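Top to bottom, those sequences are chains A and B. In terms of my numbering, the first sequence is residues 1 to 240. In terms of my numbering, the second sequence is residues 1 to 240.
Derived from the structure by calculation, the hints contain no laboratory data. Some hints could be false.
What the hints assert, rightly or not - Sample of chain B residues with no beta-carbon within 10 Å of chain A, all distances over it, derived: (1) Arg14; (2) Ile36; (3) Lys52; (4) Trp91; (5) Gly100; (6) Lys118; (7) Gly142; (8) Phe155; (9) Ile177; (10) Arg178; (11) Asn188; (12) Asn211; (13) Leu218; (14) Ser221; (15) Leu223; (16) Thr231.
Claimed, not checked - Heads up, simulated DMTMM-like pairs for lysine to aspartate or glutamate below, C-alpha to C-alpha not over 25 Å straight-line: (17) Lys84(A) with Glu94(B); (18) Lys65(B) with Glu2(A); (19) Lys84(A) with Glu2(B); (20) Lys26(B) with Glu2(B); (21) Lys84(A) with Glu64(A); (22) Lys84(B) with Glu2(A); (23) Lys65(A) with Glu113(A); (24) Lys65(A) with Asp220(B).
Predicted, not measured: the structure shown is a model, and the values here were computed from it. C-beta: ideal position from N, C-alpha, C; glycine also.
Number of protein chains: 2
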Amino acid sequence: MELFFSREIAAGARELDRQESGHCIKVLRHREGDMIHIVDGSGGLYRCRITKADAGATAFEVEEKIEGYGSHPYRLTMAVAPPKNIDRFEWFCEKATEIGVDEIVPIVGDYSERKVFKGDRCERIIISAAKQSHKGAIPSLGALTPVRGFLTRDFGADTHKYICYCSDVDGAQKIHIRQALATAGDTNDFVVMIGPEGDFSRDEIALALENGWQLISLGDSRLRIETAALTAVAAVYLSR
Amino acid sequence: MELFFSREIAAGARELDRQESGHCIKVLRHREGDMIHIVDGSGGLYRCRITKADAGATAFEVEEKIEGYGSHPYRLTMAVAPPKNIDRFEWFCEKATEIGVDEIVPIVGDYSERKVFKGDRCERIIISAAKQSHKGAIPSLGALTPVRGFLTRDFGADTHKYICYCSDVDGAQKIHIRQALATAGDTNDFVVMIGPEGDFSRDEIALALENGWQLISLGDSRLRIETAALTAVAAVYLSR
Chain A
1 MELFFSREIA AGARELDRQE SGHCIKVLRH REGDMIHIVD GSGGLYRCRI
51 TKADAGATAF EVEEKIEGYG SHPYRLTMAV APPKNIDRFE WFCEKATEIG
101 VDEIVPIVGD YSERKVFKGD RCERIIISAA KQSHKGAIPS LGALTPVRGF
151 LTRDFGADTH KYICYCSDVD GAQKIHIRQA LATAGDTNDF VVMIGPEGDF
201 SRDEIALALE NGWQLISLGD SRLRIETAAL TAVAAVYLSR
Chain B
1 MELFFSREIA AGARELDRQE SGHCIKVLRH REGDMIHIVD GSGGLYRCRI
51 TKADAGATAF EVEEKIEGYG SHPYRLTMAV APPKNIDRFE WFCEKATEIG
101 VDEIVPIVGD YSERKVFKGD RCERIIISAA KQSHKGAIPS LGALTPVRGF
151 LTRDFGADTH KYICYCSDVD GAQKIHIRQA LATAGDTNDF VVMIGPEGDF
201 SRDEIALALE NGWQLISLGD SRLRIETAAL TAVAAVYLSR
């Protein structure tokens, strides 16, 4: 089953955009009267019937709406410092979407090598991965955000805030993500931060501790940024 | 710290091969008397001193050997059906090596689209990932193996044999990999099988059950082959 995407369907739009129309009519050769499935990017799946098979603007009517399609039983924001090689970050976006993530925020810290980030390609990869893995909700991709700004953001009292850090910090407890997730209780809101190759700075970690972030470890393997980030996504996904 | 690789060092070789020598002398510009670190691919790390800085055959003497360098506290074999797009399998090999795997076996089943597999590029990717992530042991890559042959292989009584299957099977219990790992006890030998896009056939699953394989699930997300395989590696890694 192929999914189409229309963010405007929830607001009443009854035409696919040019790109989706072309794919629907020219590539998949759908015809008037065919049933297609459209996701709205917010969790809704719509069973629709094509009323006009136009490769530029395919019209349809909605027969049924299913909520929470392909949803996961947690809410996860991943704040990750994009590596120099942007392919690796794009790969992370694709795989995290497949497994289950809600928001991806590229961050820039004191030791970041990459200080600029263009999200267009990542956005397309996320949409494509969400459709391919049958997620009604498409993860949002934030703008490049300074680590300090992200650390002081208010996520609400029920959100578990984890920050991965390779070193130990005097007087601060660092626990394995497995242990953190096992003791997280019934609230399923998580934010995980993964720093750049040079890790977070001591100042950033001090600010994290002031703001109630839990230091976590992902075990003993030496992981690249994108591998660490995906391991964290898998950890949350597998624990719920 | 850059690692070099010499499988022959354990048997007494005291020269790097042409490729490693070139990298050591031409790229990293090491000179006679420099200390370098060499892994033997079986877990050993050797601290060595260069005695002849030859870009074709760099000679060294061993000053110290460290066993189990970058090792993990489990043994994991991943048997995975390579997808049509081989890049995706290569990506899995790289990431699984970083996280921690011992053996990767490409398999071909009843519903496999890919019936041939050339391992040369994967092998190089695995070696490079192992060096980059500081593993003394380099995962082995098997030859393409029929699913039936793999299912009937004798792994010893203490090995946990898990097979991922998307459907349910009448009369057979399927458990989440989290639960399987939580009840695995103190033996840390695991084999996990991930089938092709069309999954395993009913006959293959019947043979698996006859041979004591445990049906497992990786949760509700619809994962590509390589994502499922990496999620399984992460599950084992995070649980130990």
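Hints, one by one, checked against the model:
1. Non-interface call for Arg14(B) relative to chain A: holds, since the shortest CB-CB distance, roughly 28 Å, exceeds 10 Å.
2. Taking the minimum C-beta to C-beta distance to chain A, about 19 Å, the non-interface status of Ile36(B) holds against the 10 Å cut.
3. Chain A leaves Lys52(B) outside its interface by the beta-carbon criterion, the shortest separation being 31 Å against a cut-off of 10 Å.
4. The beta carbon of Trp91(B) sits about 7 Å from the closest Cβ of chain A, which is not more than 10 Å, so the claim that it is off the interface is violated.
5. The beta carbon of Gly100(B) is not kept farther than 10 Å from every beta carbon of chain A, the shortest such distance being approximately 5 Å.
6. Every CB of chain A is more than 10 Å from the CB of Lys118(B) (nearest about 23 Å), matching its label as outside the interface.
7. Its beta-carbon lying about 22 Å from the closest one in chain A, Gly142(B) satisfies the requirement of being farther than 10 Å from that chain.
8. Every beta carbon of chain A lies more than 10 Å from that of Phe155(B), the smallest distance being close to 24 Å; the non-interface claim holds.
9. With a least beta-carbon separation of about 7 Å from chain A, Ile177(B) fails to lie farther than 10 Å from that chain, contradicting its non-interface assignment.
10. With 10 Å as the threshold on Cβ separation, the claim that Arg178(B) sits away from chain A is violated: the shortest Cβ distance comes to roughly 5 Å.
11. No Cβ of chain A comes within 10 Å of the Cβ of Asn188(B); the nearest lies about 14 Å off, and the non-interface call holds.
12. Non-interface status of Asn211(B) relative to chain A is upheld: no Cβ of that chain comes within 10 Å, the nearest being about 26 Å off.
13. Distance check for Leu218(B) against chain A: the nearest CB is about 8 Å away, which does not clear 10 Å, and the non-interface claim fails.
14. Its closest Cβ contact with chain A, about 5 Å, brings Ser221(B) to no more than 10 Å, contrary to its assignment away from the interface.
15. Some Cβ of chain A comes within 10 Å of the Cβ of Leu223(B); the nearest lies about 6 Å off, and the non-interface call is violated.
16. Consistency note on Thr231(B): stated as away from chain A, yet its beta-carbon is not over 10 Å from all of that chain's, at 5 Å minimum.
17. Distance restraint check for Lys84(A) and Glu94(B): the Cα-Cα separation of roughly 18 Å lies within the 25 Å cut-off, and the hinted pair is therefore satisfied.
18. For the given pair, Lys65(B) sits about 55 Å from Glu2(A) by alpha-carbon distance, which is inconsistent with the 25 Å threshold.
19. For the suggested pair Lys84(A) and Glu2(B), the alpha carbons sit about 19 Å apart, so the restraint of at most 25 Å is met.
20. For a cut-off of 25 Å, the pair hint linking Lys26(B) to Glu2(B) stands: about 14 Å separates their Cα positions.
21. Between Lys84(A) and Glu64(A), the direct Cα distance comes to roughly 45 Å. Violation of the 25 Å bound is thereby established for this hinted pair.
22. Among the hinted pairs, Lys84(B) with Glu2(A) is consistent with the structure: their alpha-carbon atoms are about 19 Å apart, no more than 25 Å.
23. Between the alpha carbons of Lys65(A) and Glu113(A) the distance comes to roughly 45 Å, so the proposed pair goes past 25 Å and is violated.
24. Under the criterion of a C-alpha separation no larger than 25 Å, the hint pairing Lys65(A) with Asp220(B) is consistent with the structure, at around 20 Å.
Of the numbered hints given earlier, the model fails hints 4, 5, 9, 10, 13, 14, 15, 16, 18, 21 and 23; all others are met.
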